[in-house]
Every structure is written in C-alpha cells, then in structure tokens.
Amino acid sequence: MKISFKILIVLLVALSMSFKYKRQSVVIINKANPNVIIILTDDQGYGDVGFNGCTDIPTPNIDRIAKNGVVFRNAYVSYSVCAPSRAGLITGRYQDRFGYSRNPLYRPFDPEIGLSLNEQMLPDLLQQSGYNTMAIGKWHLGVHEQFRPWKRGFNEFFGFLGGGHRYFPEEYIIANQDSAKNEEQSYRTKLIRNQTAVEESEYITDAFSREAVSYIERNKDQPFFLYLAYNAPHGPLQATPKYLERFTQIKDAKRRTYAAMVSAVDDGVGLILDKLQQSGLAENTIVIFLSDNGGPENVNASDNGPLRGGKGSLFEGGIRVPFAIQWPQQIKANTEYDQSIISLDIFATVAANVQGIAKPKNALDGVDLLPFLNGTKKGSPHEFLFWRQFDQKNYAVIHQSGLKELILKDTNINLYNLKTDIGEVVNVAEKNIQLLQRMEQERKKWEANTIPPAFYGLNQEEDYIKEQKLKKEN
Amino acid sequence: MKISFKILIVLLVALSMSFKYKRQSVVIINKANPNVIIILTDDQGYGDVGFNGCTDIPTPNIDRIAKNGVVFRNAYVSYSVCAPSRAGLITGRYQDRFGYSRNPLYRPFDPEIGLSLNEQMLPDLLQQSGYNTMAIGKWHLGVHEQFRPWKRGFNEFFGFLGGGHRYFPEEYIIANQDSAKNEEQSYRTKLIRNQTAVEESEYITDAFSREAVSYIERNKDQPFFLYLAYNAPHGPLQATPKYLERFTQIKDAKRRTYAAMVSAVDDGVGLILDKLQQSGLAENTIVIFLSDNGGPENVNASDNGPLRGGKGSLFEGGIRVPFAIQWPQQIKANTEYDQSIISLDIFATVAANVQGIAKPKNALDGVDLLPFLNGTKKGSPHEFLFWRQFDQKNYAVIHQSGLKELILKDTNINLYNLKTDIGEVVNVAEKNIQLLQRMEQERKKWEANTIPPAFYGLNQEEDYIKEQKLKKEN
Amino acid sequence: MKISFKILIVLLVALSMSFKYKRQSVVIINKANPNVIIILTDDQGYGDVGFNGCTDIPTPNIDRIAKNGVVFRNAYVSYSVCAPSRAGLITGRYQDRFGYSRNPLYRPFDPEIGLSLNEQMLPDLLQQSGYNTMAIGKWHLGVHEQFRPWKRGFNEFFGFLGGGHRYFPEEYIIANQDSAKNEEQSYRTKLIRNQTAVEESEYITDAFSREAVSYIERNKDQPFFLYLAYNAPHGPLQATPKYLERFTQIKDAKRRTYAAMVSAVDDGVGLILDKLQQSGLAENTIVIFLSDNGGPENVNASDNGPLRGGKGSLFEGGIRVPFAIQWPQQIKANTEYDQSIISLDIFATVAANVQGIAKPKNALDGVDLLPFLNGTKKGSPHEFLFWRQFDQKNYAVIHQSGLKELILKDTNINLYNLKTDIGEVVNVAEKNIQLLQRMEQERKKWEANTIPPAFYGLNQEEDYIKEQKLKKEN
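Residue numbers (my numbering), protein chains in the order written: chain A, 312 to 785; chain B, 312 to 785; chain C, 312 to 785.
Careful, some of the hints might be misleading.
Chain copies aren't distinguished; within one or between two, either way the pair holds.
Claimed, not checked - For lysine-lysine, the following DSBU-like pairs were computed, each having C-alpha atoms within a straight-line distance of at most 30 Å:
1. K742 with K730
2. K672 with K531
3. K492 with K782
4. K378 with K742
5. K492 with K462
6. K755 with K586
7. K342 with K688
8. K782 with K565
9. K756 with K688
10. K562 with K492
11. K780 with K704
12. K720 with K553
13. K730 with K782
14. K501 with K704
15. K720 with K730
16. K730 with K756
17. K492 with K670
18. K720 with K742
19. K342 with K756
20. K462 with K586
21. K531 with K688
Because the hints were derived from the structure by calculation, they are not lab data.
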C-alpha cells in the first residue's frame, strides 16, 4: 500500500514533468526495485555444473547461486540452438510467434535478418521504468543497425554481434562487424564498446567478467539490468593456461579445454557475486544463471548427464538446461523446485516484481515464478510447454504431469514419462491415449498462433539465393 | 434382358458394317449408357467442402452432388501428389504397376516422361464403346506428343499439359507447351484447344466451366465422358474480385484467395449440374467429384480438417479426399458410405456399368462400387489398400477394419486405428500383432507386382543428368 | 598334455635360435595346427544359399560346408556395408573402436584412408606363428602402400585393392591401382599378383577359385591361412554363358545374372573342398563361409529371405548373413547353432585353437565359439552385440534373449522380439522396459570405447574438401 502511494506521487511528478519538458522521455526511478542480472552461458550441458552433479569440473561460484536461492531441475529453454533460444528469453515469448525460429543465415548485407522490431525486449521495458541496462557478450539477435543492442533497450553494450567469437584477442583481426564477410570472419571481429570497435587485451571470458564487475560498480545507486551472455563454453575450444592448469587430470584434450572454459566463467560468476556482496546489493539483486541450450553431442566435450540428445535436438539434452536463481530478499536459500519452468518465465517474473513498470507491449508466454517459489501458488506454472523445429517438422509438448510428447521428422509420435524415464527410451503412448490426444489438440492450438521463420537459417544460402532470384523475376 | 437383346442387334449391325468398311473403327452407340463426368480439383483439402464440414467456404453446388447421391467419408486417392494420383485414377490401376510414381521432372526435351503407352486410359475404353470424350483442364500425364490427350482416347481437349497454370489469361505469354523451357514457364503457356494454342480471355476456372457446359450442350444425344480437371485451388493463389468479394470476412489473405478459388469451382459445378438438369441428362449421368490429393500444409491456405499431414504425406491428410458421386438413376440420394474406397474404383465402376463395353486391356485394381452402394454386396470393397512412396521408402496399408499400417522413412512401423484415432496419434501395433504381420505380407505381395519409377521426379534434375552421362559413357 | 610338452620343446628350440640369429623373425611351425580358410562373399543375401532355404539358386557346395559342420541361423557381421564389415572380421574387433566405420571415400592420393596401423589383422598373428598366409580377391582395407595386404600379414596376394571390380578381364584397362583416378576406374584395374599388376584371362570368380586351389596345393605341408574374398555377387551384375545357362528358368534378367554369379562361387567352393579332400587336409582345415553383409534391396537381385531391410540397414536384412563352418576334427557334422554369433568371433576362435600362438595385440571383441559348439560351454557367447552407423546416428543392440533394440535416425527406439517377429514389425518396448533401459546403458558403455570415423566416406567428397581447406587456413 505504502509503495503504491509512493509510486502514485512519482507518477504525478513525472506527469507534471512531462508537460513541462515535452518530447523528453519520462524516467521513473524506484530505488526499491531489484537489480536483475542474467548470466547466460552458451552450449553448456545439463550435467556441466556442480549443482547438477558434475564431478570433473568444479563450479563453486555457479553453485553459490543455487545454494543462495533456488535450483530448477526441470528448467527448459524455448529452442535447442542459440539464437532462437535467446530470442525467447529476451522477449518472454515463444520465438515462433515472431518467426525467429532458426539460427540466422549469416548475410551481412541482408538487412531483414534480426529480431522483429514489433517485439519488445525486456531491457526496453525496464529502461522505460528507470533501469539502467547493459548487455555484455554475445548478441546474435540481428547484426544490422536497427537490430543492435542500443536500438533495443540497452544503455550500454560490450561484446560482439554475431553467433560466436574466438577467445584470444590477438585473433580479432577484422575491423568491425560490417567488414565481416562470412560467419567465420564474424568470429574474428574486434569487440564493440557501445557503438565502437575497441581493442581488447584479455581472454574474452575474463574481459566480459571484468566489464560486468565494472558495470555493477558504476550502478550501485540505481536499479540496473545486466544481461551477461558469455559465449563460453561454445566452440572454438580455446582456453588460457591459467584455466587449463586446473584440469591436468582430464585426459581428453577437448574435455580439458571445455572444463577450463567453464571454469573461467565460474571465476567470473564469483567476481560478480563478490562485488554484489561488497556493494551491499546482493539482497535485492535477482541473479539468474542458465545455459542457452544443451551441450552439443558431436563436439564430445560437453555432458548432458542422463539426458538423451543434445544441442539441436528436442530430446531433453537439447532443451533442458542448468538453471538457478538467487534473490535473497524474496527466495529462500537452498530451495529446490521440480515443476517444469522455461526461460520465457524470466521476463514475466522480472516484470511482475518491478514496481511501477509499464505493461509489456505483447502478451507474454511466461509466468511469474515467485508465487510458486514462495508457496503462494500451488501446482505447476505451465500446464503445457511447446517446442517446434519448423524445418524438420519436429515438435515437443511437455505436460505438467511430466509426460512429454515428441514428434520427430514427421514420422512417429512418441510419449515419454520423464519422471520414470529421463533418458526418453520407452514410448508409453498406448497407455495414455487420451492425454496424448489432448496434447495434440493443444499443440495445434498453439501452432495456430505462430508464424513460419522470418528469414533463412545457417546452411540455407541456396534457398535464400533462389528466393531472391524469384523476387527479381516477379 | 431387353437391353441385352438390343445390344446383340447393335453388335450384329456393327459386325456387318465392319466387314463393309474395313480399317474403320467400329463404334457401338448404346444410348442407354450413362454419361460420365469426373470433376477433379487440385490440392483441395478434405475439410474444404461443405459436405465435410467446411464452415468458411460455402460450396452449395459441390454439396448438391453429395445430396443427390452418395458421399464417401473414407475415400482415398492412390498417391498424395498430383500426377501419380491422376495416373491411378485414369487407368484404374495402382500407378506403381507402371512406374508413374513421382511427379515428373519437367524436361521438355526428354520424350520418355509420360504415362506408359502400355496402359489404357478410361476414355480410350469408352471411346471404343461409342462415347464421345473430352478432357478439360490440367493434364500432367505427359507433355510429349505421344502422351497428349488426343493420343490417349480423348476426342476433344481444352486446357494445358503441365502440372499447373497461372489463372489470369494476360499472363499466358509463352506461345505453346513446346516453347516452355522450365516448370515455371509451363505455367504461362497459352491454353490448348484440341491440338492448337488459342487465346483465352477468362479467369481460368471460369473458362473451364464454360467449356464443360458447352461440351454437355453439344453432346446431348450421345453418351459422353467428360474429364474436367480444374487446376484450382492449386497454387499460385490467384482469384478475381468477383470471388474475392465473397470472403471479406476471412482475415488471412492466403485463405481468402484460396476460398475464392474454391468458390469459383463451386460456381462451375453449379453451372454443370444446372445444364444437366435443363438438358434432361441428370438422371443418367454419373457425376463424380473428388480432389487429387490432400491440401498442402506449407501453403497454410487449405484445410484437411481433423486429418494429420497433407499433400505429399501418407498420413490421412495426404490421401483421404472429399469424394461424392451422383447418379440418380442408380444411386439413392443422401447416401452415406463409410467403407474405404479409392479413386481406382472409378474406372471399374464406370466400365461395369456401360453396356457393351470392351474388356479393359489390363487387370484393374479398382472394383465396381455400385453393388456396394445399392446393398447387393455387403462388406468392404477392398480388404487392403496400398500406397508406396518409392524414393522415401514410405508405405501405407489400410485394412477393411480401419486399421492402417504406416511405414515412414524406413524406420518405424506404426499401426493406427482410424475409427478411434483419425489424427493418427497412437501406435496400436502391440495390440494387433497378427493383423500387422499379415498386412506386411500383403504389402510385400503387392509390391512384388510393381516396378520402380520409370522417370525422374521434380528436383531430381541432378540424378537425371548423372544417368544420361553414365549412359553415354557405357 | 602331450601337445603342451611338444610346444615347450619347440619354444625352447625357437628361443635358442632367436639368440643365434638376432633380428630375424622367429617362426614356430606346429604342424598339428589347423589350416584356416575364410570364404567371404560380397553382398550375398541371407536367403541366397541352399542351407537357408534358397530354391532358385542351387548351392550344393556351399551347403556341403554346412552339412560337414555347423550352420548358424543367427550369425551377424559387424556392419552392413563392405569395408567396415571386413575390418571387423579381420581384426576381431568392432571397427568402431578404430574409426573404420564407413565405406571409405575413394581418394587415390589421400594416404590417410585405410585400416589403422595400430590394429593387428588375423594373418599377421598367424604369420608370426608359422602360418603361410594368402589373401585372394577384394581387399577394401586401404589402397595406399602401407595398408596393402603384404604390409598386413599376408605372404601372398592375388586380387584387387578397391571396393569392387568388373568381372571380365577384357575390361581391365587401367594399368594399376595408382592410375585409377576414381571409384569407377578402380573397378577396371588389372589384377595384382603379390605386388605386381598382371594379365588375367578368366572370369574373375573362376580366377579366384583357381588361385585358391593352387594355393592349397602349394601349402600341403605347412599350416596356412587363406582369406578368399570373392567380390561376387556384388555389382556390376556380370556372368559368363557357362553359368547363365543354368538359370534360363529365371525370368528376371537381374536375378538370373545374380544366380549365375552365385553359382560360379559355388563351383569354386566345390573345387576347394575337393582339393582339401584329395590332399588329406579336410579333417584339420577350418573352412568358414559367410557374406560380408546383406543383399542390397535396390538392386532387386538378391534375396534376404524373411528379413527386413538389406545392405546398408541395421534391420536384420543388412547384418544377418549366411554363415557356416566345417572343421571335421572338432565340429560334428550337421550341427545347428541358434545363439547369436558375429563375424568378430572368427579371429578369437582361430586364435584360441592355434597352439603356440602369440597374444593378440589388442583386446578382442569376439569369443572362441568352439566350446559352445561342442557343448563345453552353455548359454550364449554374447550377452550383447552392438552396431553403430555414425553418420545416421543409427544403433542396434541384440540381447542374448533375442530382443533387439533399434534406434534409427535419432528418432524412435524400437524393440523387436526376433524369436517371434523376425521381420521386425512390432515394437514391444512397453512390455520390456527394464531390459530396454539396460540395453541403453550397455550401448552407451560400449560407445564410450569407440571413436568417430577416421576418414570420410563415399559421397562425402564435399566434406573432405571443406576439411582440407579449413586445415590449410588454420
């Protein structure tokens, strides 16, 4: 009640100001609002964090988040490769609703490829509500000017725009994003600070951690939103001796380097948590840790634990990720939460817990998790979760009971009981006919509110060229 | 008895004439024989006619056929894309028996691609029995001279030879079929009247309807066979304001145009039924309405109702089609028939009900439906129906019980109970092991009497070139 | 006991000799050791031998082996195409352990493609134990110098190095293997005797039989190992009138030629068995007959009997082969053996039954079958057998109970009961959940001890070129 009254005053003041200074954006700063830090790793497997049982790569700092707050055992992302998963997370909506359902074709001169401008990103909403916002690391949501972080709600940016990057600064030989002629070159561009290419001297993961700590330092006095998207441990597998030395006991060279890369991220997480503690911000900062999709199987470096499949697949190994949140002020330490949740819930949860925030532009697919975590709400946040891989005609539906429908390559419909068969081995469709038919109905309803991909994907160069040619002819 | 005697006389007369005028083909005109009109639409979905529950596109005239006669709820075509389906229909035989089991590669200069000359088309048989015959619309059974309609039993032809066509006459800029260098150009050829390219001024669907009505008018006094193969509502999606205006309430632009195209066909069907009525021919004319395969899923315009999959698939959405027949003299109005039937039955049904007809050249796969419709025969016309997609190694078998075996992409064998699970969701193989094993045996027996495709298909240009090269080398 | 003593003496003598003549390889000749002849046919179907019920192609001589010894009804090879299957057979180890799990890309100038030099072939082990060794026919285990038969343990070689060959000597127009620029040309090279290209005048199958008989004749007085790898009845389908005339009753031209090719092999087997008999060697010669994989389905010439699928598939038709062994001294005539065995057992069986043999270099996956055949050991030689197709992500596991897990194209996991459902029609996973989960565990354990393919396969030219380019850039 008190807060609402305060907000009202602020609003009235703001309103009066808005009359005075026309055309200037109104910023309402509510200092009681929590800071938000999303730490997103890239291609890290379900089994590659200590809190999910990893034994060969210690992740004490990532584990601190889980211990300080809640660990989710059944947490999903909305796609099993990088870009669409990020698009879902940052909009709070299934990316299929706006056609961002492929890893985009790298076409530096095609201005159409990016996250639809009709969509609102979380930083945009928070910025309107007086948050300072920063993105660090990998973007992958559009390389053209109109899609860049500073056009989508971020006050600051430090990182790169493409789908991945090399880790050693001496390899950054391409002057800027616009000079990169192909995917491979985009991995070698100079990093960007805000809108300018800059020189960097540190191992990329260390650089991102450094920037994150510095950003917190600079924003102690105002609610902030930090989207820290490490490209680690995505390929290429590259690590410095500092981290490699920790894993001499791992024989396999790929796993060893991978472990070192995860360890570098973990160090960074430690620095961030320490900085929050030292600054007195820890209590009211929401820190969210997750991976953008499962570990790739073919690289043979990551580990999805007991899950079947990996990156790119709709088996659990592709979409179930390590996921933990700490927010000491609101979430009890050492919480375990077993209902199915999804990365789309991040937007909804943050939006629901920021006082005075505007209404999101579009209908959200996620839900506020807080009432479920503190016991106000019972049951499952989602009766159904949905996945679609448009090109392969693959679909998955997970029901709150833990039954998962999987349609692969337009052939069979399988039903797995994730509670008893986490490896997705046995089709139990015949025993659950009615629920399965209901899942099919719900899936079709859901799909009726999606659109096809809005652009071509990686390795669809030929289709793209064919379409361009057709356009010219007609 | 009376008729048989009459036929005898006619035969004797004919026989005597044949001695007189040698080398002249003997034509036996039995005026009691029914006229036959096949109205075939292109890519129209199972759910896109009023008699199958369509709500947004009224099809009152197509529905008249169903009301005047029999509607089939479980009617199939023998393939899920255009050309092979048409090949099955017009020969009354599984097209796999003669290698017409792909949509043909468009190779204007390769004279081998067409419906085998060893096969007999229904018009050829009817023509021999004194019918006048005409094909209107889409051909798609061979573009080279020896495969053209006038070589296969049709007295008259009006339409185009390829796999599809544009709808507005101002787009017919290619002088004739032989000038069309590729598939796309074949959509822009001038229409052909008999063997000559002609100018056309009407929307193509209206033109075909006009020709059909005119043909009936010209053939009141002699049994005729009219094969009216509308290319509507096959892509490209093109309609005139006259039809578009009827569907302003449909928001989706594609569905709106599609609806207009179906509505134009429906108007044409109305004109034909009216003309039959006015000419006193309705009683003894068999009018058959069906679509050549299911609606394509990717176009997002057609609707296969509750069926899974669409054009190109062996799920029901690809092969189960809207299907109705009227023949007031023999079939009671408002009949519903629920056993599985197939387009191959058309040839057999017509042949069985034409007095004095010759024996078909090859063994038919279809059966005469009339005894089943009027109750003379009980049970199901087909114990088993078969489908094969050679390139994908897909197969389907439907048993008279409504159980359907589906083998997709050389992987799993699924068994669906179409009576309880029309959406083909739940594999019930374990509960029906013996029947499934029998279906496998029957499938193999059936396949032993088929041959591989006799020519390359669309998008197999490379394979074609490779083979030509090999031939030259050896 | 007596034998052991004899061996001791021989060993001591050998030891003393080894001190005398340093650097000279020590050869221990134990004349009591059995001769070994492996007769391997190429792409012959499970149903294409008399002892498996073939009716249209008499194979009286191949059947003699079965009658003289044991016929295996559930005998497998370790891969469903030629080269990997041979790699498994000749090393006694799953070829996945050393990356030979594709039919190799034909790259005459890439020296990396061949069977890993870390692996030991059976002839190498036998040669060390005083055997004379010869390979006749198709090699397919590496065309470059270091991979050739004379470098892998064979004293003599007569045949060709690639994956197949034409049958008529007038077609051998390429001077030698190194001149063959592509796969097709490698089918036309001159045959090689030891290391030299030679002229040949006979139909290839007859030539190989002739050489085999001659080799036996020349090696009556010393244990020998003969690896006779007929390329028949692999394509191209070519036979001489002598054999064709036997099958005028077969209408299908392909099947007729195929039958003639099998008949030529059968004649050769007869000559070999006769020669053994005449030479008094039959009693103590192990003669093993098998095919390298199932018959190809697309050629429509071979017959896999009741089995599903064919060459290239993990259905039974791809991996279950005709298999018989005679060894009169040790195996009772007319034995039938129904437990599952695998071609990998050949190495282990031979090695276990040669007195004084060295320890194989690497751990074997096969087991000595003799104790199972003579009843000393009960139960099944293998609790589990494993197959992997790396590129397709296909797997199969067969349990001693006859239950077979099949994972195809990364989609469904099916379980078949081979004892009641040899055609692999009905998935019985739901009834055997626990065993299936155990099979999955065992499969993963097994796979943890394999490596990815060590080279590119046929039709992976593009991948190969891409990799070479990347290597150059980095």
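Here is what the structure says about each hint:
no. : hint           : in the structure
1   : K742 with K730 : both (15 Å within a copy, 18 Å between copies)
2   : K672 with K531 : within (29 Å within a copy, 66 Å between copies)
3   : K492 with K782 : both (23 Å within a copy, 19 Å between copies)
4   : K378 with K742 : neither (39 Å within a copy, 41 Å between copies)
5   : K492 with K462 : within (23 Å within a copy, 48 Å between copies)
6   : K755 with K586 : neither (47 Å within a copy, 43 Å between copies)
7   : K342 with K688 : within (27 Å within a copy, 80 Å between copies)
8   : K782 with K565 : between (45 Å within a copy, 18 Å between copies)
9   : K756 with K688 : within (26 Å within a copy, 43 Å between copies)
10  : K562 with K492 : neither (37 Å within a copy, 41 Å between copies)
11  : K780 with K704 : within (26 Å within a copy, 33 Å between copies)
12  : K720 with K553 : neither (44 Å within a copy, 41 Å between copies)
13  : K730 with K782 : neither (50 Å within a copy, 45 Å between copies)
14  : K501 with K704 : neither (38 Å within a copy, 38 Å between copies)
15  : K720 with K730 : both (25 Å within a copy, 25 Å between copies)
16  : K730 with K756 : both (26 Å within a copy, 23 Å between copies)
17  : K492 with K670 : neither (40 Å within a copy, 57 Å between copies)
18  : K720 with K742 : both (23 Å within a copy, 25 Å between copies)
19  : K342 with K756 : neither (42 Å within a copy, 55 Å between copies)
20  : K462 with K586 : within (29 Å within a copy, 65 Å between copies)
21  : K531 with K688 : neither (33 Å within a copy, 76 Å between copies)
Taken one by one, the earlier hints fail for this structure at numbers 4, 6, 10, 12, 13, 14, 17, 19, 21, listed in ascending order.
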